[in-house]
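Q: Working from the sequences, and respecting the hints, build out all of it.
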Amino acid sequence: MSSVSLRALNRATLARQLLLERAKIAAVKAVEQLGGMQAQLARPPYIGLWSRVADFEREQLTKAAMKRQLVRATTMRGTLHLLSAKDYVAWRSTFQPMFDRVTLDNAAEKMANIDIQRLVADARRFFPCTFDTLRKQLVELHPGWDDRAMGLIVRMYLPLVQVPSADMPWGWHGTADFEVAETWLGKPVTKAAALSALAQRFLAAFGPATAADFQTWSGLTGGKEIFEKLRPKLNTFRDPKGRELFDLPKAPRPREETNAPVRFLPDYDNLLLAHADRSRVIPDEYRGRITPSKNLRVLPVFLVDGFVAGTWDVEAKKGTATLLLHPFAPVPKLYKREVEEEADRLIRFIEEGAERVSVRWQ
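Using this note's numbering, you'd call the opening residue of the sequence shown number 354 and step up by one each time.
Mixed in with the good hints there might be a few duds.
As the list claims (entries may be wrong) - Computed list of lysine-lysine pairs in DSS-like fashion (alpha-carbon distance at most 30 Å, straight line):
1) Lys586 - Lys544
2) Lys540 - Lys420
3) Lys377 - Lys420
4) Lys594 - Lys544
5) Lys540 - Lys489
6) Lys439 - Lys540
7) Lys416 - Lys382
8) Lys382 - Lys577
9) Lys544 - Lys382
10) Lys439 - Lys582
11) Lys377 - Lys416
12) Lys603 - Lys582
13) Lys577 - Lys544
14) Lys439 - Lys603
15) Lys463 - Lys439
16) Lys416 - Lys439
17) Lys603 - Lys544
18) Lys577 - Lys603
19) Lys594 - Lys582
20) Lys689 - Lys671
21) Lys416 - Lys670
22) Lys439 - Lys577
23) Lys603 - Lys586
24) Lys439 - Lys586
25) Lys439 - Lys377
26) Lys544 - Lys582
27) Lys540 - Lys382
28) Lys544 - Lys416
29) Lys594 - Lys439
30) Lys540 - Lys416
31) Lys420 - Lys439
32) Lys603 - Lys377
33) Lys382 - Lys586
34) Lys377 - Lys689
35) Lys463 - Lys489
36) Lys439 - Lys382
Claimed, not checked - The following label-pair restraints were derived from C-beta to C-beta distances:
37) Lys382 - Trp714: 19 to 25 Å
38) Arg477 - Met354: 15 to 21 Å
39) Glu578 - Gln715: 45 to 51 Å
40) Lys416 - Val473: 27 to 33 Å
Bear in mind the hints are in silico, worked out from the structure with no lab data behind them.
Beta carbons are placed, not taken as given, at the ideal position from N, Cα and C, and that holds for glycine.
A: Right under this line is the structure:
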């Protein structure tokens, strides 16, 4: 079994995440290649695609969502993701065991007296609506049942998508309505994809990877058994820490000397979340600095030579917008101008209506 260096592992992952070169690809195909995009907030997928897709414009994502080709829905890890409608229909039921576990972990005592089938059937008729509205309606129907537990059960047991809006800068209102997925898409969302197929899609987007990495990305259990069944179809490697990595035979694995351009990633980008060991993109000494608070927020970052080198944010007021750079260590002179130029392009994309834009190191 051959070994793979940390830099080679980094370059392979960046290649699959379209971060070595912006791809000339449609937004829907890009989202599929990426294995979905975390969409806990509405804006990050737009920034994530801007960093990965050549000549990307906001309207490309919004139009695909309005045409129901892309959906924002609860999937991996029980969080909101942006997926193609095709992948959502194929994958959603595959995640149900994880949704069951999330529900029990968070509301076991409060749901003891709740009839789940009855609750889901009752909730169905109130959509489209927000979850605040839904909980109020359900409390009127079932005053003895806990409102938060009811909301969680409906979110985890009833396939739902969040309704986009063409007039919003980032595609969705902050409190957008949810709709029953089969109503929105016009087709049932019941057939579960094989776990082996899901694991192979994970490798296409994030490999080479361990079984534990697959579990971290998906929220599912049983990764070791899934990869053991797939072993005859996969290549295997050892990472620098001696762990066994699995990969698709024909997946890209660039040379470790391959140039990695400066790239900016949004909050919660899956590149930062999809592996149990994130050292392939985040130096260990910086890991705590991208998740600085207990609310599980993952800060937006920029990559230098393929690895996380700092965080960034935007300061906007009175027609002026500034992208603030927070490097974790002095950025080598070789890369500093490239960081500034990419940051300038990004702030113009984010704050397209600003009269004046700038970039400032902090």
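Q: Look at each hint and say if it fits the structure.
A: Right, here's what the structure says about each hint:
Of the pairs offered as hints, the one joining Lys586 and Lys544 holds, with about 24 Å between alpha carbons and a cut-off of 30 Å not exceeded. Of the pairs offered as hints, the one joining Lys540 and Lys420 holds, with about 15 Å between alpha carbons and a cut-off of 30 Å not exceeded. Taking the CA atoms of Lys377 and Lys420, the gap is near 21 Å; set against the 30 Å cutoff, the hint holds. Between Lys594 and Lys544 the CA atoms are separated by roughly 38 Å; this puts the pair beyond 30 Å, and the hint is violated.
Simply put, Lys540 and Lys489 have alpha-carbon atoms about 28 Å apart, close enough for the 30 Å limit, and the pair holds. For the suggested pair Lys439 and Lys540, the alpha carbons sit about 11 Å apart, so the restraint of at most 30 Å is met. The straight-line distance between the Cα atoms of Lys416 and Lys382 is roughly 14 Å, inside the 30 Å bound, and the hint therefore holds. Of the supplied pair hints, the one linking Lys382 and Lys577 holds, its CA atoms being roughly 29 Å apart against a limit of 30 Å.
Between Lys544 and Lys382 the CA atoms are separated by roughly 22 Å; this keeps the pair inside 30 Å, and the hint holds. Proposed proximity of Lys439 and Lys582 is supported: the alpha carbons are some 25 Å apart, at most 30 Å. With a CA separation close to 18 Å, the supplied pair Lys377 and Lys416 stays within the 30 Å bound. Simply put, Lys603 and Lys582 have alpha-carbon atoms about 19 Å apart, close enough for the 30 Å limit, and the pair holds.
In summary, the hint linking Lys577 to Lys544 is supported, as the alpha carbons are separated by about 23 Å, within the 30 Å threshold. Using a Cα cut-off of 30 Å, the hinted pair Lys439 and Lys603 holds, with the two alpha carbons roughly 23 Å apart. Using a Cα cut-off of 30 Å, the hinted pair Lys463 and Lys439 is violated, with the two alpha carbons roughly 35 Å apart. Between Lys416 and Lys439 the alpha-carbon distance is near 16 Å, which keeps this suggested pair within the 30 Å criterion.
Of the supplied pair hints, the one linking Lys603 and Lys544 holds, its CA atoms being roughly 28 Å apart against a limit of 30 Å. For the proposed pair Lys577 and Lys603, the alpha carbon gap of about 22 Å is at most 30 Å, so the pair holds. Between Lys594 and Lys582, the direct Cα distance comes to roughly 24 Å. Compliance with the 30 Å bound is thereby established for this hinted pair. Only pairs whose Cα atoms come within 30 Å are accepted, and Lys689 paired with Lys671 is accepted, the gap being roughly 28 Å.
Restraint check for Lys416 and Lys670: the C-alpha separation of about 29 Å stays at or below 30 Å, so the hint holds. The straight-line distance between the Cα atoms of Lys439 and Lys577 is roughly 27 Å, inside the 30 Å bound, and the hint therefore holds. Simply put, Lys603 and Lys586 have alpha-carbon atoms about 11 Å apart, close enough for the 30 Å limit, and the pair holds. Using a Cα cut-off of 30 Å, the hinted pair Lys439 and Lys586 holds, with the two alpha carbons roughly 24 Å apart.
For a cut-off of 30 Å, the pair hint linking Lys439 to Lys377 stands: about 21 Å separates their Cα positions. A hinted pair counts as satisfied when its Cα atoms are at most 30 Å apart, and Lys544 with Lys582 qualifies at roughly 21 Å. Restraint check for Lys540 and Lys382: satisfied, since their Cα atoms lie roughly 21 Å apart, inside the 30 Å limit. This hinted pair checks out: Lys544 and Lys416 have alpha carbons roughly 27 Å apart, not beyond 30 Å.
The suggested pairing of Lys594 with Lys439 is violated, with an alpha-carbon distance near 37 Å, which exceeds 30 Å. Pair hint Lys540 plus Lys416 holds up; C-alpha atoms about 20 Å apart against a cutoff of 30 Å. With a C-alpha separation of about 13 Å, the suggested pair Lys420 and Lys439 falls inside the 30 Å cut-off, and the hint holds. Annotation: proposed proximity of Lys603 to Lys377 holds, straight-line Cα distance about 20 Å (limit 30 Å).
Between Lys382 and Lys586 the alpha-carbon distance is near 25 Å, which keeps this suggested pair within the 30 Å criterion. Between Lys377 and Lys689 the alpha-carbon distance is near 27 Å, which keeps this suggested pair within the 30 Å criterion. Annotation: proposed proximity of Lys463 to Lys489 holds, straight-line Cα distance about 17 Å (limit 30 Å). Of the supplied pair hints, the one linking Lys439 and Lys382 holds, its CA atoms being roughly 11 Å apart against a limit of 30 Å.
Remark: the range hint 19 to 25 Å for Lys382 to Trp714 is contradicted by a beta-carbon distance near 36 Å. Between Arg477 and Met354 the Cβ separation comes to about 51 Å, which falls outside the hinted range of 15 to 21 Å. At about 47 Å, the beta-carbon gap between Glu578 and Gln715 stays in the expected band of 45 to 51 Å. Distance hint check for Lys416 and Val473: the Cβ-Cβ separation is about 32 Å, which falls inside the suggested range of 27 to 33 Å.
When each numbered hint is compared with the structure, violations occur for hints 4, 15, 29, 37 and 38.
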